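Residue numbers (this note's numbering), protein chains in the order written: chain S, 1 to 349; chain F, 1001 to 1520.
Just so you know, these hints were derived from the structure itself, not from any lab.
A hint or two may mislead.
Said to hold, decoys possible - Straight-line C-alpha distance at most 25 Å; calculated SDA-like pairs for lysine to any residue: (1) F/K1367 x S/S85; (2) S/K136 x F/S1131; (3) F/K1367 x S/A134; (4) S/K261 x S/A202; (5) F/K1316 x F/L1080; (6) F/K1318 x F/D1508.
For clarity, every value in this text was computed on a predicted model and none was experimentally measured.
The lines below spell out each chain.
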Amino acid sequence: MTSNHAPASSGSKNPQPRRLPLLFSRRRFILAERSPRPKGRKATLPACLTFLSMLCPSLHAQTIDDGIMLAKRSLCAGALYTHDSWDNYWQGNLQRVNGNIGTITTQTVTMAANYGVTSRLDFIINVPYVWTDASKGVLHGQSGFQDLTLAAKYKLLSIPVGKFGALRAIAVLSGTLPMTNYTPDLQPLSLGTNSKTLSGRATLNYLGRRGLYLNGTAAYNFRGNVTLDRSSYYTNGQLYLSNQVAMPNLFNYGTSVGYRKNDVSLLGDFSVQQARGGGDIRPQDMPFVSNRTNFSKAGATIKVPVPKVRALQYWFIYSNTFQGRNVGQANTFTTGLMYTLPFEKRATP
Amino acid sequence: MTRKTPLFRASISAAIFLALALSTSSCSKDIPSSEPLPTVTPANTDANAGSWKMIVLSGPTQIPVTAPAPVSDPGYQSELASIKAAQASLTDAQKTAITYWSSGGVLRWNQIMREIAARSDLPPSPNPDGSYPVPNPANPFANPQYPFSNPPYAARAYSYVSVAQFEALKAAWYYKYLYNRPSPFKADTSIKALLPTSDIPSYPSEDAVEAGVNVALLTLLFPTSVDEINAKAAEQQQVALISGRASASDIAAGVALGKAVAAVFAARAASDGMKAAGGNAALWQSLADNATARGEIPWISQDGPPRPPMLPVFGKVKVWMMTPNDIVNERPGPPPSTSSPQMQTETAEVKSIVNSLTRDQQATVYKWADGVSTVTPPGHWDAIAEPYISAASFSEVRASRVFALLNMALHDAAVGCWDAKYFYFNPRPSQLDPSIKTQTGLPNFPSYVSGHSDFSAAGSDVLSYLFPDGATYFQAQMQEAAMSRLYAGIHYRSDIEVGMDHGKRIGDYTVRFAKTDGAN
């Protein structure tokens, strides 16, 4: 781990070209055009990377599930505000409203940072603060820090697709850790599930020279047991005489299709989550932390550079949960600014 | 080689990250649904339990049990032979069942009842027009299922099953020592004893008595759980047989006795006032009008849409250890007037607490929420009693005495509490000050006095008498349960203090009985 945190010093001290940042070095070869690179398989991969790095001038990489990587030794950080609300929800498969909660609104401010250790390895950290509120009934909203997310995003390979673009494969390992001892037992007003999670993700991404962006991603999330403040609970047809709740793991996948070029992203998104177990919300009962939460969402992502502040990017992401089980039929939007700070000069603007 | 260095390093860092992350979430996913209870070997046979005072039955011989065939009888000998045959080829499922029931049928049936009560603890969903359907005992599987096992319903159910079981076991003990038939493993030494052994005679089988009582009464009270109840009862009887504890005729006599005693209680339940406890629209209006006539702000439902009050006539349901006059005599004095400065002060206190709750106070709220889909407060106190009963190594009849006494007090407290709630019809804090937001679901009935405080004081009172070593703990639990309702923002301090005092006085009726029931 430490070896990858070191390149700030070791990389700059090392004069050998092979130790130079990937983006840098490959570009230099491309500019040299006829540089005497050996032909063959070993040369193909660097060539692909070079090609790709030209296609992706943006340093704005961001999320755990997209196909974008940060340049080496650059930091992208900012704040995002998320507003999520629903009045209809699925109690099991039954869509309904509930006069005891009205509209549930969850607002989140996330401090996000993404650091490019190398051009193929990013570390991501997210720190969310959450507020919840019910518009009807008498239940008290909750607020506080929710779950810290840490992720390592690794670009496994890039393959050029003719002269049209490139395909790359990315693996992400991420985990979440509750930052406070908030209760998971006041759903849907709890800040979250208060479960430690570990997630493995694979992403395939195609980016065309003219900006065609195709992204497919899938993840499996392992979720640790949750501890309640009570010594028994009823869910999924059984009374459990324990304060420990087994959380079903989650499988999710998604696709994004759209345009991405010159720091502008315009994408249509679709994603699905399937819980690998868990019970349904009982009639007229509150949701329970280990419920089987499935959903399908569709939405759009817009990322544009702020005029005159090229390193600053404005984000707007919208999604609608159009199908689900034991979740709210949520409309969610995220908006915010992300700033990219390169610690090394770029080879090109 | 060197070209691979970044990839190699990244792989190592990913592996380390993975290992760290895995080590933080390595806890097991398996949560046992039934608590592992220790095997119980009775420390005392309680041979005189047949003479302990009855509560509903006229005496131990109200239900006759005919004498068993002598040990030498060929029919009995063939019963023994079939036990031997069964023991020669036990399945894994049978061995698991033997382990399950070895901690005592009374404890297991109480767990089963708590599970069933939690399953049935669901308020009906509103109709599209804003009205609410009423669960129908004549059609229990229809939506909404019958019953809605809310706290008063559950208190009554726990008490019926527990008291009937206690009475039936006392009668069984009478006949056991009247006939003195030995267990099969004693009658024939080639039969193994696979359950804890004692010198308690086996006719009629106590396990079968419990199965008979529970099949009849649990099914009456929770008809939609009939399949599970029948399966558990059949399993308990089979375990009694294949473990060498009881023969087929011991079991048949036990089931018959249990069912006959249950029938006595079913008849009582049919006319104890429960059927009228829901009231009707005219009655609901009169409760509000009475409060208005006294110059008070009447309670209104804050459910959305507004829901009829929960069992407003439950205060008239028959009690176990008290008379209807006792209920009225023990009724607490009125709450502070809704227009009084004291009520303003108390409402302000609720708001202040609920808006500055510590995490510890919040944990207390959730520990004692006992709302929808839970065993309810009476079941919570049964769960508190469980480890004390288990650790005491009681005989089945003495174990059943604990649950009978505890649940009689809890039921009587429920009746007394509901009487006060609907007599005063006092609004909740969040009604007097709509800016008060609660930390748990708001119960749909009037505020004064606090049910948790009433239940907990009655439960703590009885358990402190039965297990003096635990008295400090029980009283701490009572205080915590009562205060949890103030932290939750659903009760004023006076609801809690008066409720605890009321519950203690009601619990004392049961304690006075327990002191003279012949079991000491």
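Checked hints:
1. In summary, the hint linking F/K1367 to S/S85 is not supported, as the alpha carbons are separated by about 29 Å, beyond the 25 Å threshold.
2. Pair hint S/K136 plus F/S1131 holds up; C-alpha atoms about 18 Å apart against a cutoff of 25 Å.
3. With a CA separation close to 22 Å, the supplied pair F/K1367 and S/A134 stays within the 25 Å bound.
4. Between S/K261 and S/A202 the CA atoms are separated by roughly 23 Å; this keeps the pair inside 25 Å, and the hint holds.
5. Of the pairs offered as hints, the one joining F/K1316 and F/L1080 is violated, with about 51 Å between alpha carbons and a cut-off of 25 Å exceeded.
6. Using a Cα cut-off of 25 Å, the hinted pair F/K1318 and F/D1508 holds, with the two alpha carbons roughly 17 Å apart.
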